[in-house]
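A.B. asks: Here's the letter readout for the chains.
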Amino acid sequence: MNENERLIIAAFNDRELDASQNERVRQLIENDPEARRYLDELRRIDERLRSAFAAIADEPVPPHFHAMLRKTSRKRLGRYVAPVALAASLALVAVLVIRQDAADELMREQLQHMRLEIASLRNQTLENVPSGAAASWVAPASASRAGIARAQVKPLKTYRTEDNRFCREYEERVEDADGIEVRRGIACRTGKADWSDLITQSGSKGEAGPIDRRPVQTSF
Amino acid sequence: MPADLSEQLIDLIPRLRRFAAGLSGSTDLGDELVQLACERLLNNQSQLRADTRLDSWLYRVIRNLHIDGIRAQAVRDRSAEEIRRVAQLHVVNSDTMDNQLRLGEVEAAMQRLSEEHRSALMLICVEGMSYKEAANVLQVPMGTVTSRLVRARKALVAELDGESMEHDQGVVK
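Here the protein sequences line up with chains A and B, keeping their order.
So in the working numbering, the last spot in the first sequence is 220, and the numbers never skip.
So in the working numbering, the last spot in the second sequence is 393, and the numbers never skip.
Keep in mind that the hints are not guaranteed to be accurate.
As the list claims (entries may be wrong) - Computed list of lysine to any residue pairs in SDA-like fashion (alpha-carbon distance at most 20 Å, straight line):
id, chain 1, residue 1, chain 2, residue 2
1, A, LYS154, A, ILE118
2, B, LYS374, A, ASP18
3, B, LYS352, A, ILE8
4, B, LYS374, A, PRO33
5, B, LYS352, A, LEU17
6, B, LYS374, A, LYS192
7, B, LYS352, A, ASN4
8, A, LYS154, A, GLY179
9, A, LYS154, B, LYS374
10, B, LYS374, A, LYS157
11, B, LYS352, A, SER120
12, B, LYS374, A, ASN2
13, B, LYS374, A, ARG43
14, B, LYS352, A, GLN21
15, A, LYS157, B, ALA328
16, A, LYS154, A, GLN110
17, A, LYS192, A, ARG108
18, B, LYS374, A, ASN4
19, B, LYS352, A, PRO33
20, B, LYS352, A, ASP46
21, A, LYS157, B, SER246
22, A, LYS157, A, SER196
23, B, LYS374, A, ASP14
24, A, LYS154, B, SER246
25, A, LYS157, A, GLU127
26, B, LYS374, A, GLU127
27, B, LYS352, A, LYS157
Just so you know, the hints here were simulated from the structure itself, not pulled from any lab data.
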């Protein structure tokens, strides 16, 4: 069987041929056991592919897609393309104009509380969860005003230092009203369920973010 | 946003999610790609021509985002490698194995193929596109799609069966 025959058998299998070409392929597979085997193999592999990916297309559309389509009347700033500097200066302006009233105070407390929850999730996950698996935390409904909806921490790899201490690379996703923030880091174990970031790197959705070198709290 | 555009998008999302999950190897990552592509569409509605096919446009953007992601990941992997070297960290267990186990056999095999092979298989064998539609999404000539597909199926069979689909010595180029 040559390449042209393979191409035409594949095209036959994919319903790309006209009637006379179809006839030519039918004769080919009738007379050539190898061509027949090739067609059977194509059918078998296509069936495996289709069934492997069948389930996801039958799932209902996840709610966040509906939410996204509802709120698109207000145009979002290009969250994933806006320069970090712009975001930082906007945040600074926001901080300056926010009045320090009680509502803000409460919100900050909730936010602080949730940051602690996420830190605890990170420590527990790095301590107990194998690489590749993830652990999640979902904010209680009462805390939704602060914007954080849920967080997920997934250890990616485990390392050992020269002096036999453990460090783990992980990915952390924090979902809030604006989207998902993805952060990657390497943390080293400083005690039981106590992990300190050696390095972190934030990037949103496939962008390589700048490396944020934090003070190294563990010595190597 | 016109209501019908929103409805069209909702109708397309199950297929887009399947395609993106197949490309990226995970439903979560795939969903992020789909969401980014939809946002890009909604922010660029004015640039869409009347004859633009919404599904082709979205498949194309999802794939481009996926390729951008692969490049960014390569940069991250390189910088992580550098950190490990400087900090003298040694990998004691690899997540590659358990990641592969969590995926189904076919999904895992797909992830071992090249992106070009994976996207051709997803568009034609899973999404049921014609060669012409797939060529439009992939932005390559139709002849490229047909030969790429032959190689992609062969590569997938080899990954799944551990043997080549070839029964003769012919080289598929």
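A.B. asks: So, for every hint listed, does it hold in this structure?
C.D. replies: The hints, checked one at a time:
no.: 1; hint: A:LYS154 / A:ILE118; result: 12 Å, holds
no.: 2; hint: B:LYS374 / A:ASP18; result: 25 Å, violated
no.: 3; hint: B:LYS352 / A:ILE8; result: 15 Å, holds
no.: 4; hint: B:LYS374 / A:PRO33; result: 18 Å, holds
no.: 5; hint: B:LYS352 / A:LEU17; result: 12 Å, holds
no.: 6; hint: B:LYS374 / A:LYS192; result: 50 Å, violated
no.: 7; hint: B:LYS352 / A:ASN4; result: 18 Å, holds
no.: 8; hint: A:LYS154 / A:GLY179; result: 18 Å, holds
no.: 9; hint: A:LYS154 / B:LYS374; result: 34 Å, violated
no.: 10; hint: B:LYS374 / A:LYS157; result: 32 Å, violated
no.: 11; hint: B:LYS352 / A:SER120; result: 52 Å, violated
no.: 12; hint: B:LYS374 / A:ASN2; result: 14 Å, holds
no.: 13; hint: B:LYS374 / A:ARG43; result: 12 Å, holds
no.: 14; hint: B:LYS352 / A:GLN21; result: 18 Å, holds
no.: 15; hint: A:LYS157 / B:ALA328; result: 19 Å, holds
no.: 16; hint: A:LYS154 / A:GLN110; result: 24 Å, violated
no.: 17; hint: A:LYS192 / A:ARG108; result: 29 Å, violated
no.: 18; hint: B:LYS374 / A:ASN4; result: 15 Å, holds
no.: 19; hint: B:LYS352 / A:PRO33; result: 30 Å, violated
no.: 20; hint: B:LYS352 / A:ASP46; result: 19 Å, holds
no.: 21; hint: A:LYS157 / B:SER246; result: 18 Å, holds
no.: 22; hint: A:LYS157 / A:SER196; result: 16 Å, holds
no.: 23; hint: B:LYS374 / A:ASP14; result: 15 Å, holds
no.: 24; hint: A:LYS154 / B:SER246; result: 14 Å, holds
no.: 25; hint: A:LYS157 / A:GLU127; result: 13 Å, holds
no.: 26; hint: B:LYS374 / A:GLU127; result: 43 Å, violated
no.: 27; hint: B:LYS352 / A:LYS157; result: 42 Å, violated
The earlier numbered hints that this structure contradicts are 2, 6, 9, 10, 11, 16, 17, 19, 26, 27.
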